[in-house]
Each structure stands twice: as C-alpha cells, then as structure tokens.
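Given these sequences and hints, build the entire structure.
Protein chains in written order, with the working numbering: chain S, 1 to 137; chain H, 1001 to 1182.
By construction, these hints were calculated from the structure, which means they are not laboratory data. For clarity, every value in this text was computed on a predicted model and none was experimentally measured. There may be inaccurate statements among the hints.
[Claimed, not checked] If you anchor each label on the Cβ, the simulated ranges turn out as follows:
(1) Ile41/S with Glu1010/H: 39 to 49 Å
(2) Cys33/S with Met1086/H: 41 to 51 Å
(3) Asn1032/H with Gln24/S: 39 to 49 Å
(4) Ile1028/H with Glu17/S: 27 to 37 Å
(5) Arg28/S with Glu1067/H: 39 to 49 Å
(6) Pro1007/H with Thr57/S: 17 to 27 Å
(7) Leu22/S with Ala1046/H: 44 to 54 Å
(8) Glu34/S with Ser1065/H: 45 to 55 Å
(9) Gln23/S with Gly1146/H: 13 to 23 Å
(10) Met1086/H with Ser31/S: 48 to 58 Å
(11) Tyr1181/H with Glu34/S: 13 to 23 Å
(12) Thr1005/H with Arg28/S: 38 to 48 Å
[Claimed, not checked] Some residues of chain S that are not near chain H, with every Cβ distance over 12 Å (derived):
(13) Gln23
(14) Gln24
(15) Ala25
(16) Glu32
[Said to hold, decoys possible] Derived pair list, reagent style SDA-like, types lysine to any residue, alpha-carbon separation capped at 25 Å:
(17) Lys20/S with Ser1165/H
(18) Lys1073/H with Gln12/S
(19) Lys65/S with Leu1085/H
(20) Lys5/S with Glu1176/H
(21) Lys44/S with Thr1126/H
(22) Lys44/S with Leu1182/H
(23) Lys44/S with Thr1148/H
(24) Lys1164/H with His47/S
All C-beta atoms in this analysis are idealised placements derived from N, C-alpha and C, irrespective of residue type, glycine included.
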Amino acid sequence: MDHQKIQEQISQFMDNELPKELQQALFRHLSECELCREFFIDTKTIHDAVKELAYDTVPHAMDRKFEVLGMKETASQFRNRTLTISIPTAVYSIGAVIMMTLFMYVVGNIQEKYLSDQFLQSVNISRQQQTISFDVN
Amino acid sequence: MNTTTVPDEELIVQLKNGELNAGSVLYIRHKNAVYSFCLRMLKDPAAAQDAAQETFLKMITKIQSIERGVTLKSWLFSVARNEVLMVVRRKKIISMEQFDDETVVFDHSTPLSITLQTEMKEKLLTAIMQLKPAYREAYLLRETEGFTYEEIATTTLTTVSAVKSKLFKARAALNEMLKPYL
Ligand SMILES: [Zn+2]
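What follows is the structure, given as structure tokens:
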C-alpha cells in the first residue's frame, strides 16, 4: 500500500473533501498501519489546535485611517445628529424662532410708526449734504 | 437595525449605492481576518498593515467590480494576497521565488525555538510561519478561513489538485516540526 497516497487522503479527510467511498478503505488501512495512524493522529491534533488560533487585532492606526476616510465618521455623525435632537430641544428651537420672528415684527412696526419720519428726515439731510459737497467739488 | 446580522451580499449592494456605513460594517467584520492573513504571510506588522489597508481601500473604491456569485471574503483575500505580493516586491521582504517554490515545504534555516514557548498555540503559529509562503497561504486559507479547495485555487491562482497537494505537504511539514511536542 502507498502510505503517501493514504496520508494525502487523510489531509482531504480533515477538510471533509474525501469522497465517502474512499473513507472505508482509508480506515481499514489505518487499523493496520501504525505509520499512517500516527500521521492521522498528529494531523488531527494540529487541525483541531489551529482552529483555536485567534486573529491578530489590526493596529489602531489602521482603524483611525478608515475613520479619517469618513466611513465611520460620516455614518455615526449623521446618526447622532438625527437621533440626539430630543423633543425639549426641538420645542425650544421652534419657540426661539417664533420669538425671534415676533420680535422682528414688533421692532419693524415700531420703526415704521414712530421712527420712519425721523429716519427718512435724517437720510434726506445726509443726501442733501452729499449733493452740496459734490456740487462744491 | 442591527447591522451585525446583515449578510455581506446585502452590505455590498448598499456600499455599491454609496452607503459608506455599509463599508464600515464590512471593514469591522473582516479587518482582523485580512490583517492576520497579511501578517502571517509577511511576518512584519507595518507591512501587513500596508497590505490590509490597501485591501480595504480597494473594497471601497472597486466595490463595483465584485461580481455576483463571488463571496466578499474570497474577493478580499484575492486582493489581500495581491497586496502581500506588492509589498514583498516593494520592500523586498522575502524573495518572490518563495511564492512559487514548491520544492521546499518549510524553512529549515530558522530554528523553531519551541523550547522557550509553553503554549501549544504559540508553537503552532511559529511552525505555520515557517512554512514556505506557497504552502502557508493555502494552509491559512483552509484552516483559519475555511475556504473550499475551489476557493483556494481561485484565490491563489492555481488548480484544485495543486491545492490538495500543498495542503498535504503543509500538514506533513507541520507534523514533522511539531512532532516532539505532540
Ligand atoms: Zn500506511
């Protein structure tokens, strides 16, 4: 029997890639061959151990580069912006806008009613002065 | 919505539509696997970071080139392998021939100082790192990533029978290196 051929099959067996019809012959050989049995046990031990190997963690510098690229940032900022506007904040904001509008309206009315004549008068005066000075020059 | 449960395929579609948050989820999901592969191939953290970074940059910029039916993982590792080769070429870390050299399975020149290590995992990792790149990449893709023979063949640009042979030789070499400690 070709021991290397059997050991190649052991490798495929570990990967669940050995056809069923070859498995019976493989195990028959293993029951008779010390050399291949040893290969099977060693391979299986390492195969199981390697599954326990943890990944290495990427360096922080790499994570930061991808944050700079905007992937994480854009998404999280957008999410924060939409989610963190609480109801009280919204009410205060709308209230502030209404107050501001009212204030502008009231100030506008006052200006129109009580200050417009005075304002126009002063504008006229300065215009006249400009005209005069222009004429002089 | 809990993004951790969204499958890769769906996130790829979202990323193709310009949703960068999907790219962020994919990056977080695969970053350690890709980085570990690069590190174990290059044995140099800075070089591994370069290769892994380039891989994810390509994921964002070339996402449109991922065809239907190709898994992202398989695509990422193909790109990562290519980046590893680029880094090797640029920094001349290991000679290029070692990627194709199939006559020697592991590096006998660097002694495996297993006696100083107590953990089996450390011993194992040290032994894997001593496999020649052509064997190491096939072994890592199979054992740590669970790739099928077909996927390994596609990723490493070889045939399924070559993959079978490499995996067998890698395992035989690891058995030999680790024999005293099993
Ligand atoms: Zn035998």
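Which of the stated hints cannot be reconciled with the structure, identified by number in ascending sequence? Hint check: nothing fails, all pass.
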